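So the sequence lines, in the order shown, correspond to chains H and U. Everything in the first sequence is counted per this note's numbering, starting at 13 for the first residue and increasing by one. Everything in the second sequence is counted per this note's numbering, starting at 2 for the first residue and increasing by one.
In case anyone wonders, no lab produced these hints; they're calculated from the structure. Incorrect hints may appear among the rest.
With a straight-line Cα cutoff of 27 Å, these simulated DSS-like cross-link-like pairs (lysine-lysine) come out [what the hints assert, rightly or not]:
1) U/Lys-141 / U/Lys-98
2) H/Lys-65 / U/Lys-98
3) H/Lys-119 / U/Lys-98
4) H/Lys-65 / U/Lys-33
5) U/Lys-141 / U/Lys-33
This one's a predicted model, so the numbers in the text were calculated from it and none came from an experiment.
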Amino acid sequence: MTSSRPEPVQVIKQRRDAALGGLLSGVPYIAYLGIQFDRRGDELTAILPFDEKLIGNPALPALHGGVTAAFLEVAAIIELAWGSLWEEMEAGRVDPTAEMPPVRLPKTIDFTVDYLRTGLPRDAYARARINRSGRRYASVHVEAWQDNRARLFAQGTGHFLMPPPPGAPTE
Amino acid sequence: MTDIIRIARQFIEAIPHARALGMAFDSLGDGKAVISMPYDPRFVGDPATGVIHGGAVSALMDTASGAAVMCHPTGPASTATLDLRIDYFRAATPGQKITARAECYHVTRSVAFVRVTATDEDESRPVAAATGAFTLDRPKGAAP
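Using the sequences and the hints given, assemble the complete structure.
As structure tokens, this is what we get:
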């Protein structure tokens with residue numbers, strides 16, 4: 013415990029937003045789908061703003077099942093990577109406002125998607141929960157909804173291979 | 002060009018997301034569909050390696066699976082994914098197109114079961130595989 017005054021809130025926010033921005037900006041496919049993340053402290057909500065190119069069934073119309081799968085998987089991967097990055101940042105080992113080394117992302121081993129309702133042509137939201145995060149493997153559950161948080165339109169569970177910790181030799 | 006491939010091309014043209022990912026039918030019929038997707042730097046998931054994001058591969062496999070259901074001999078009127086479990090075996094080689102081969106191997110009155118594999122240009126080593134259950138709507142007036 014230090015006796016110094018806490019950092020100004022803007023400095024903390026800037027650092028955390030820079031870390032999240034750095035994590036996301038590196039992944040072209042996230043930008044291609046238009047996925048954004050809303051951050052409240054360490055909690056992330058993935059947002060998929062509706063776009064015509066996300067449609068899979070033009071007759072209904074409905075979101076493409078593959079888009080829904082991709083959205084859930086992105087939410088899970090970013091949640092895992094963000095968890096590790098957050099720890100590094102809060103411990104002062106990474107300064108995202110300076111030159112940040114590229115974040116190594118977890119690799120998906122498997123991912124299962126339950127399609128509960130038709131994905132409507134409007135914005136979708138997703139939140140991921142890490143159920144188990146070990147040194148090598150992690151298990152993550154993701155819930156996605158549109159208008160009502162309690163009415164999920166899809167949920168997913170995936171297993172992931174975690175990247176080696178910073179400083180460890182590459183595979 | 003056979004009629005079924007022409008119809009299949011129109012089918013994909015009508016799906017905005019399939020068109021956006023540049024998907025094209027290689028073959029279709031009898032509950033089997035083969036669809037490929039060219040490499041595109043916009044679909045990269047890991048900038049350090051240039052490897053395509055798993056989500057784009059999932060979208061390709063989901064589309065192929067849905068097409069396999071639609072061309073099943075029982076002639077479904079429509080279908081939607083109930084669940085899809087995707088296993089990722091290895092990273093797709095950057096620069097190579099990805100091909101999904103889906104087979105609708107069993108149907109009940111209201112459910113279709115599909116398995117699908119995805120390969121890059123080295124077809125001896127699959128990139129990913131998936132199995133899924135799909136809803137199946139029979140045309141009105143069809144025998145049960």
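Here is how each hint holds up against the structure:
1. U/Lys-141 / U/Lys-98: violated, 39 Å
2. H/Lys-65 / U/Lys-98: Judged against 27 Å, a Cα distance of about 21 Å means the pair holds.
3. H/Lys-119 / U/Lys-98: holds, 20 Å
4. H/Lys-65 / U/Lys-33: holds, 26 Å
5. U/Lys-141 / U/Lys-33: This hinted pair holds, its Cα atoms lying about 23 Å apart.
The structure fails to meet hint 1 from the earlier list, while all remaining hints are met.
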